[in-house]
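Participant: Chains A and B, in that order, are what the protein sequence lines are. According to UniProt numbering, the stretch in the first sequence is residues 1 to 461, in order. According to UniProt numbering, the stretch in the second sequence is residues 1 to 461, in order.
Treat the hints with care, since some could be wrong.
Stated by the list, open to error - Mimicking DMTMM-like on lysine to aspartate or glutamate, the simulated pairs with C-alpha atoms at most 25 Å apart in a straight line are:
#, chain 1, residue 1, chain 2, residue 2
1, B, 264, A, 292
2, B, 264, A, 55
3, A, 264, B, 422
4, B, 264, A, 422
5, B, 355, A, 217
6, A, 355, B, 292
7, A, 106, A, 217
8, B, 264, A, 240
9, A, 371, A, 459
10, A, 264, B, 292
11, A, 264, B, 240
12, A, 264, B, 188
13, A, 185, A, 204
Everything labelled a hint here was simulated from the structure, so no lab data went into it.
Protein chains: 2
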Amino acid sequence: MHATRSASHTFRLSARGFSTVTRRQAPSGLRINPDRLWETLHKTCEWGAAHRYGEKPTETGMARLTLTDDDARVRSWFAAEVKKLGCTLSVDQMGNMFARQQGSLKSSAPMIAMGSHLDTQPRGGRYDGILGVIAALEVLRTMKESGFETNYDVGIVNWTNEEGARFPKSMCSSGVWAGAIPIEKAWDLRDIHNPHVTLRSELERHGYLGDIPCASDEQFGYPLGAHFELHIEQGPILEETGRSIGVVQGAQGYRWFTIIVHGKDAHTGTTPLSTRKDPVLAASKMIAASNEIASRHNALVSTGIFRVPSNASTNTLATNVTFTLDIRHPNDSVVSAVQEDIFEAFATIASQDGKGVSFDWTLDTDSPAAKFDQNCVASVQAAADHLVGPEKSMLMTSGAGHDTVYTSKHCPSAMIFVPCREGVSHHPTEYCSPQDCALGTQALLEAVVHYDQFRTKSENS
Amino acid sequence: MHATRSASHTFRLSARGFSTVTRRQAPSGLRINPDRLWETLHKTCEWGAAHRYGEKPTETGMARLTLTDDDARVRSWFAAEVKKLGCTLSVDQMGNMFARQQGSLKSSAPMIAMGSHLDTQPRGGRYDGILGVIAALEVLRTMKESGFETNYDVGIVNWTNEEGARFPKSMCSSGVWAGAIPIEKAWDLRDIHNPHVTLRSELERHGYLGDIPCASDEQFGYPLGAHFELHIEQGPILEETGRSIGVVQGAQGYRWFTIIVHGKDAHTGTTPLSTRKDPVLAASKMIAASNEIASRHNALVSTGIFRVPSNASTNTLATNVTFTLDIRHPNDSVVSAVQEDIFEAFATIASQDGKGVSFDWTLDTDSPAAKFDQNCVASVQAAADHLVGPEKSMLMTSGAGHDTVYTSKHCPSAMIFVPCREGVSHHPTEYCSPQDCALGTQALLEAVVHYDQFRTKSENS
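Hey, can you work out the whole structure from these sequences and the hints?
Facilitator: Structure, rendered in structure tokens:
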């Protein structure tokens with residue numbers, strides 16, 4: 001089964017590829033093609049390229065929102081490429097694309113999937129999601145050209161509308177697949193700029209409203225035997241600690257809140273501090289307090305949005321303030337404790353200063369923490385150990401949401417992180433070096449091969 | 001000179017008028033007509049009525065922006081009314097309207113003016129500015145019908161674009177008159193919704209680009225012998241302390257700043273607190289700190305505007321934050337001290353949390369404190385003492401800017417405040433009761449008569 005082996009003890013990828021010398025020969029004996037990976041990734045980014053920030057051809061961001069014409073173009077290309085490799089392609093009722101390469105066992109058991117997404121934010125980059133799918137394709141291409149076969153079927157999933165940027169529900173179609181989001185609700189999501197366009201109408205327009213129910217169910221859905229996802233970290237930790245591979249063992253829980261502080265508009269020059277109901281002051285103190293509470297719990301609390309009414313002026317106290325809170329921690333119980341402390345502090349703050357303010361809050365999103373499958377994580381860990389060694393890899397918890405968070409509820413799952421420059425993502429300048437893209441792809445290949453071997457042993461012992 | 005005197009010792013206005021029984025007979029012997037005042041005020045508010053909030057005919061706000069068609073209508077009406085009274089009307093190059101009633105001395109000395117403005121905010125009320133002009137008209141009507149003559153000439157000023165809501169420069173034309181704003185700059189102000197329209201082009205369109213230079217200069221401008229302005233308080237102090245008349249002895253100094261805090265956008269889920277440059281957090285701490293500093297100095301500090309970029313989202317730290325600061329105190333030296341303490345605190349805060357942020361600030365407006373003329377203030381005080389007594393009046397410092405702040409630099413000036421409901425102004429529901437409107441108008445009359453007598457004695461002794 002193992003075809004061409006690298007001749008050298010340490011294997012170094014080509015100029016465009018690994019600069020890091022891996023510690024030892026890749027256990028699969030396979031070697032992905034870094035140049036092909038890089039070229040394929042950037043070639044497909046011509047569909048949706050936007051927001052140029054530099055002179056080089058690849059120095060643009062992306063605006064490839066789900067189920068737009070550009071997304072349809074990259075989907076067609078993807079379908080053609082996997083068919084060239086001899087894969088079967090299935091599309092479910094959410095337009096999720098499942099490419100499947102038969103393994104040597106010719107087992108009907110669910111395939112080991114490498115999944116991510118080809119859609120982007122409106123001002124997104126070239127790596128978030130895209131790298132995971134293109135890397136998966138490179139893994140299949142590498143296997144194919146080497147005549148390498150896994151034991152179990154292996155394949156790729158392109159999940160629809162992961163970003164939730166056009167139809168506002170992130171990880172939308174893995175959520176439907178996992179039974180967490182009703183398909184009618186997902187189908188009825190409206191284009192944020194055109195309420196006449198639904199996700200379903202766009203699936204139909206592009207021919208991606210498949211026949212297969214979007215579900216993990218063995219009976220009638222498209223179950224998966226495992227799910228591995230290569231993704232840029234979207235944070236600064238790998239880069240700042242000089243590591244190349246993050247072995248992702250789970251995802252933080254998070255809760256998103258909208259808080260509205262109700263005050264009273266009044267003239268700044270004529271209203272004594274003692275008679276004010278100043279929502280900007282109260283909200284400011286709330287945000288400062290939430291940060292202190294987060295630090296105490298070693299959690300993350302963030303405010304991304306802070307709005308005063310559009311008629312605000314320098315010499316008028318605002319009527320109200322709306323701000324968001326995003327609380328995160330790998331432990332759901334800590335998320336709850338932080339939430340409790342924060343709203344207790346907010347109540348105290350609301351009663352202070354002038355005549356006090358009132359506030360309402362709503363829980364907008366509640367995403368419990370996920371713990372990935374220990375065998376999948378072990379396969380990623382083994383890949384990382386082989387490729388870069390323990391000094392250059394680290395166990396991590398994903399701070400962001402990913403399709404893998406949903407798949408992990410229904411099949412063994414894990415993720416691989418690679419560094420992105422300055423931790424920047426969801427931005428045109430998002431960047432992952434050719435070396436890191438290649439290392440991550442090699443790690444994806446090794447993890448899948450390792451897991452396939454583990455699965456063979458465990459299911460046949 | 002004194003005509004009809006009130007027969008009763010204490011004089012009570014009609015149903016619509018004073019509910020407060022004044023302590024003794026008005027020293028002028030005159031009595032304004034509260035019903036006529038109220039009806040005139042609300043009749044003229046039909047030009048520009050907007051933002052209905054209740055069922056009664058008068059329960060709307062106003063949108064009578066300067067030099068709009070509705071403002072031109074009320075100006076025409078005003079011109080006709082003062083001419084009916086036998087006044088001469090002069091218009092200067094900023095469209096300021098000077099109505100002048102000759103006094104018994106037939107002196108060419110500058111008139112004693114009662115001034116305010118007929119323009120409003122886009123979501124303004126029926127009293128801010130309007131009351132001051134309509135009350136002044138009621139004073140002249142009362143004098144006329146009683147055959148009462150002041151010694152010196154007396155009159156009314158309708159100042160153009162006091163609000164600065166359409167052409168963004170508040171107290172614009174009293175500022176030009178006072179030499180604080182160059183006329184070319186004022187003329188070139190652009191309509192905030194249509195940059196092709198200038199203040200000058202609107203003066204021309206409506207026929208209010210007068211010949212008289214807009215200046216306080218005796219040689220070629222339109223000098224004033226004194227300036228009295230009746231105005232709603234625009235704050236809650238009179239109402240909360242149960243007083244009817246504020247004797248305004250000056251105006252606070254204030255400085256307006258715009259602060260931009262520069263951070264770095266980053267994913268809230270993947271960016272540790274220690275590596276953040278979070279401008280929302282820093283700005284929040286700055287606002288909380290500015291409030292503490294203000295309290296320590298017994299000053300006012302307010303933030304009315306707080307903006308994050310429009311692409312802000314719950315799970316992204318903002319790139320930058322823009323917020324305003326409005327620092328006020330009756331003493332300019334305290335304003336300076338507060339400013340110094342605030343920016344020292346801001347520098348400390350900017351260096352804290354994560355990797356810190358940077359910030360810039362600009363001084364947008366610097367309005368020094370004003371101290372009104374002691375003889376004018378004494379005339380207002382005498383009026384208040386006679387009408388409501390010391391328990392129902394109080395010395396005040398204006399928190400807001402007014403045309404009188406500019407006139408006070410070039411002629412003896414003072415103001416009279418009356419309560420407005422819940423301190424609300426610049427809002428459709430702004431309200432001053434018929435009783436308080438009438439009391440304020442009577443006080444304006446008494447103050448002018450008192451000052452005219454004082455002036456006669458002092459200039460002829």
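Participant: Confirm or reject each hint.
Facilitator: Structure-based check of each hint:
For the given pair, residue 264 of chain B sits about 20 Å from residue 292 of chain A by alpha-carbon distance, which is consistent with the 25 Å threshold. Taken as a hint, the residue 264 of chain B and residue 55 of chain A pair is honoured in the structure, with Cα atoms around 23 Å apart against an allowance of 25 Å. At most 25 Å may separate the alpha-carbon atoms for a hinted pair to count; residue 264 of chain A and residue 422 of chain B meet this at roughly 10 Å. Of the supplied pair hints, the one linking residue 264 of chain B and residue 422 of chain A holds, its CA atoms being roughly 10 Å apart against a limit of 25 Å.
This hinted pair does not check out: residue 355 of chain B and residue 217 of chain A have alpha carbons roughly 47 Å apart, beyond 25 Å. At most 25 Å may separate the alpha-carbon atoms for a hinted pair to count; residue 355 of chain A and residue 292 of chain B meet this at roughly 16 Å. Among the hinted pairs, residue 106 of chain A with residue 217 of chain A is consistent with the structure: their alpha-carbon atoms are about 21 Å apart, no more than 25 Å. Of the supplied pair hints, the one linking residue 264 of chain B and residue 240 of chain A holds, its CA atoms being roughly 16 Å apart against a limit of 25 Å.
Among the hinted pairs, residue 371 of chain A with residue 459 of chain A is consistent with the structure: their alpha-carbon atoms are about 22 Å apart, no more than 25 Å. With a CA separation close to 20 Å, the supplied pair residue 264 of chain A and residue 292 of chain B stays within the 25 Å bound. For the suggested pair residue 264 of chain A and residue 240 of chain B, the alpha carbons sit about 16 Å apart, so the restraint of at most 25 Å is met. Distance check on the hinted pair: residue 264 of chain A and residue 188 of chain B sit about 35 Å apart at the alpha-carbon level, beyond 25 Å; violated.
Between the alpha carbons of residue 185 of chain A and residue 204 of chain A the distance comes to roughly 16 Å, so the proposed pair stays at or under 25 Å and holds.
When each numbered hint is compared with the structure, violations occur for hints 5 and 12.
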